[in-house]
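Chemist: Work out the full structure, taking the sequences as your base and the hints as a guide.
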Amino acid sequence: MTRIIYVNGRYLPYHDAKVHVEDRGFQLADAVYEVIEVSDNSLVDATRHLTRLWRSLSELSISPPMSEPALCHVMGQTIRRNRVRNGLVYLQVSRGESPRDFLFPDPPVPPTLVCLARATIPAQVDQRAETGIHIITMPETRWKRCDIKTVMLLPACLAKQQAHAQSASEAWFVDAEGLITEGASSNAWIVDRSGRLLTRPLDNTILPGITRRTVMDTAASLGLVVEESPFTVAEALDAAEAFITSATNTVMPVIMIDGQRISSGTPGPLCRQLRRSFARVAEHSPVGYVPSKLENQAFAP
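The opening residue of the sequence shown carries number 1 in UniProt numbering; numbering runs sequentially from there.
Be aware that a few hints might be false.
DEER-style ranges, computed between Cβ atoms [claimed, not checked]:
1) 10 to 108: 19 to 27 Å
2) 175 to 259: 15 to 23 Å
3) 232 to 59: 28 to 36 Å
4) 165 to 227: 30 to 38 Å
5) 234 to 67: 42 to 50 Å
6) 195 to 258: 21 to 29 Å
7) 103 to 201: 32 to 40 Å
8) 15 to 234: 22 to 30 Å
9) 15 to 286: 28 to 36 Å
10) 161 to 26: 16 to 24 Å
If you are wondering where the hints come from, they were derived from the structure by calculation, not from laboratory data. All residues carry an ideal CB built from backbone N, CA and C; glycine is no exception.
Modeler: Following this line, the structure appears as structure tokens:
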């Protein structure tokens with residue numbers, strides 16, 4: 001359970017942690033966020049996550065709330081105060097509090113920073129990976145800048161709720177051309193019958209997933225072929241394997257799409273291999289670390 005939350009310079013008990021009623025993140029979804037896995041008291045791929053956070057802030061012209069070393073200190077303190085050894089740390093930065101207006105505050109106001117840490121049980125995720133998950137597909141309903149990790153998540157919430165109502169764990173969005181974009185909270189992958197790993201190329205229709213990037217590194221280390229190429233629902237149904245990637249799932253096998261079994265209906269060997277090897281390739285940093293520099297990583301567009 002989350003005990004202490006950082007809000008704008010203060011570490012507060014859970015029930016006392018609040019932002020202003022006219023915070024632009026609350027009223028206008030004018031905010032960005034990141035979720036970083038905590039594994040055995042280490043941050044997983046934190047440098048890449050912070051690189052993406054800084055990029056999201058830049059795309060929305062939101063000033064960073066503090067320096068990188070200070071933010072790493074806040075994350076470390078929040079994790080320690082909540083005694084999280086395995087779990088996640090959540091960062092959210094809004095443009096700040098200002099009387100409600102569509103225009104940005106002029107002059108600018110200080111951004112709002114929230115950080116919380118929460119424990120998870122890795123064995124539960126591992127158990128789901130042993131059996132695999134079911135997903136559904138649905139028409140793409142989101143805006144045209146999914147490459148920015150904003151808190152504007154209502155379409156994803158509706159998709160997740162619809163998936164839950166159908167006893168599924170995730171929903172894959174399908175664009176007007178019949179191509180899968182990504183999941184409500186994950187990137188989408190398949191393994192075709194020739195053994196190639198396929199995932200949609202980066203553009204403004206998908207989030208540049210950090211776990212997605214590290215899985216590509218993991219595949220390269222194993223000599224597997226990854227092709228950044230869009231695929232249809234029909235191609236996914238005909239695939240040898242399917243899976244999703246995200247910070248909270250790493251590599252999660254998909255065994256059924258829209259009620260139809262994928263291949264044997266069990267997690268496939270390549271998916272299992274990627275999941276086993278992911279931790280070896282991912283960056284693991286001690287809680288409270290400060291990156292020497294953020295990655296020079298391109299996030300399309």
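Chemist: Against each hint, give a clear statement of whether it holds in the structure.
Modeler: Against the structure, the hints:
1. A C-beta distance of roughly 22 Å is found between residue 10 and residue 108, which places it inside the suggested range of 19 to 27 Å.
2. Restraint check, residue 175 to residue 259: a C-beta distance of roughly 21 Å satisfies the suggested window 15 to 23 Å.
3. Our hint of 28 to 36 Å for residue 232 and residue 59 holds, since their Cβ atoms are close to 29 Å apart.
4. At roughly 34 Å, the beta-carbon separation of residue 165 and residue 227 lies within the given 30 to 38 Å, and the hint holds.
5. Residue 234 and residue 67 have their C-beta atoms about 49 Å apart, which keeps the hinted 42 to 50 Å range intact.
6. Look at residue 195 against residue 258: about 24 Å separates their beta carbons, and that is inside 21 to 29 Å.
7. Taking the beta carbon of each, residue 103 and residue 201 are about 35 Å apart, inside 32 to 40 Å as hinted.
8. With their beta carbons about 50 Å apart, residue 15 and residue 234 fall outside the hinted range of 22 to 30 Å.
9. The hinted range of 28 to 36 Å is satisfied by residue 15 and residue 286, whose Cβ atoms lie roughly 30 Å apart.
10. Take residue 161 and residue 26: their Cβ atoms lie about 21 Å apart, and the range 16 to 24 Å holds.
Violated hint: 8 only; the structure is consistent with all others.
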